[in-house]
Amino acid sequence: MIESRADRPGGVALGADRGYAAADFINELRAMNVRPHVAQNDNGRRSAIDRRTTRHAGYAISLRIRKRIEEAFGWM
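Quick note, the sequence shown lines up with residues 430 to 505 if you use the numbering used here.
Please note that a few of the clues may not be correct.
[Unchecked claim] List of simulated lysine to any residue pairs, SDA-like, C-alpha gap at most 25 angstroms: (1) LYS496 <-> HIS485; (2) LYS496 <-> ARG447; (3) LYS496 <-> GLY440; (4) LYS496 <-> GLY444; (5) LYS496 <-> TYR449; (6) LYS496 <-> ARG459; (7) LYS496 <-> ARG480; (8) LYS496 <-> THR482; (9) LYS496 <-> ALA452; (10) LYS496 <-> ARG464; (11) LYS496 <-> THR483; (12) LYS496 <-> ILE431; (13) LYS496 <-> ARG484.
[Said to hold, decoys possible] Pair ranges (Cβ atoms, derived): (14) LYS496 <-> ILE431: 28 to 36 angstroms; (15) GLY503 <-> ALA460: 18 to 26 angstroms; (16) ARG484 <-> VAL441: 15 to 23 angstroms; (17) ALA501 <-> ARG459: 16 to 24 angstroms.
What the hints contain is simulated information worked out from the structure, not anything from laboratory work.
By construction, the Cβ of each residue, glycine as well, lies at the ideal position given by its N, Cα and C atoms.
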């Protein structure tokens, strides 16, 4: 689904839960010029999200917004 939007000149970001922090998925996104805003998986396994992604302010903003959206679903 992201392939149709990945050709934008400035690139595009994709936010996802930590279950998507697998190396194959992250590498495929990067190959398509998509910035992976996936939560780091720090529960016993190594996350494919490294400092290349987490050092940017946009990553932190994306995670805060995603948390706010998920809270609304929790309230429902």
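**Report entry** Pair hint LYS496 and ALA452, alpha-carbon separation not exceeding 25 angstroms
**Finding:** 23 angstroms, holds
Query raised in the report: Can the restraint linking LYS496 and ARG464 be considered satisfied, given a maximum Cα separation of 25 angstroms?
Result: 18 angstroms, holds
**Report entry** Holds or violated: LYS496 to ARG459, with C-alpha atoms at most 25 angstroms apart
**Finding:** It holds: about 23 angstroms lies between the C-alpha atoms, which stays within 25 angstroms.
Query raised in the report: Going straight from one Cα to the other, do LYS496 and ARG447 come out at no more than 25 angstroms?
Result: 12 angstroms, holds
Requested in this report: For the pair we were handed, LYS496 and THR482, check the Cα-Cα distance against 25 angstroms.
Outcome: It holds: about 18 angstroms lies between the C-alpha atoms, which stays within 25 angstroms.
Requested in this report: Mind checking the alpha carbons of LYS496 and ILE431 for me, to see if they're no more than 25 angstroms apart?
Outcome: Status holds; Cα separation ~21 angstroms.
Query raised in the report: Does the Cβ distance between GLY503 and ALA460 fall inside 18 to 26 angstroms?
Result: With Cβ atoms ~34 angstroms apart, the hint is violated.
Query raised in the report: Within a Cα-Cα threshold of 25 angstroms, do LYS496 and ARG484 meet the stated pairing?
Result: 19 angstroms, holds
Report task. Decide if the proposed pair is consistent with the structure: LYS496 and GLY440, CA atoms, cutoff 25 angstroms inclusive. Result -> 23 angstroms, holds
Report task. Please test the hint of 16 to 24 angstroms on the beta carbon pair from ALA501 and ARG459. Result -> 30 angstroms, violated
Query - Consistency of beta-carbon spacing, ILE431 to LYS496, with hint 28 to 36 angstroms - result: 21 angstroms, violated
Query raised in the report: Is the straight-line distance between the alpha-carbon of LYS496 and that of HIS485 25 angstroms or less?
Result: Within the cut-off at roughly 18 angstroms; holds.
Going down the numbered hints, you'll see the structure goes against 14, 15 and 17, while the others check out.
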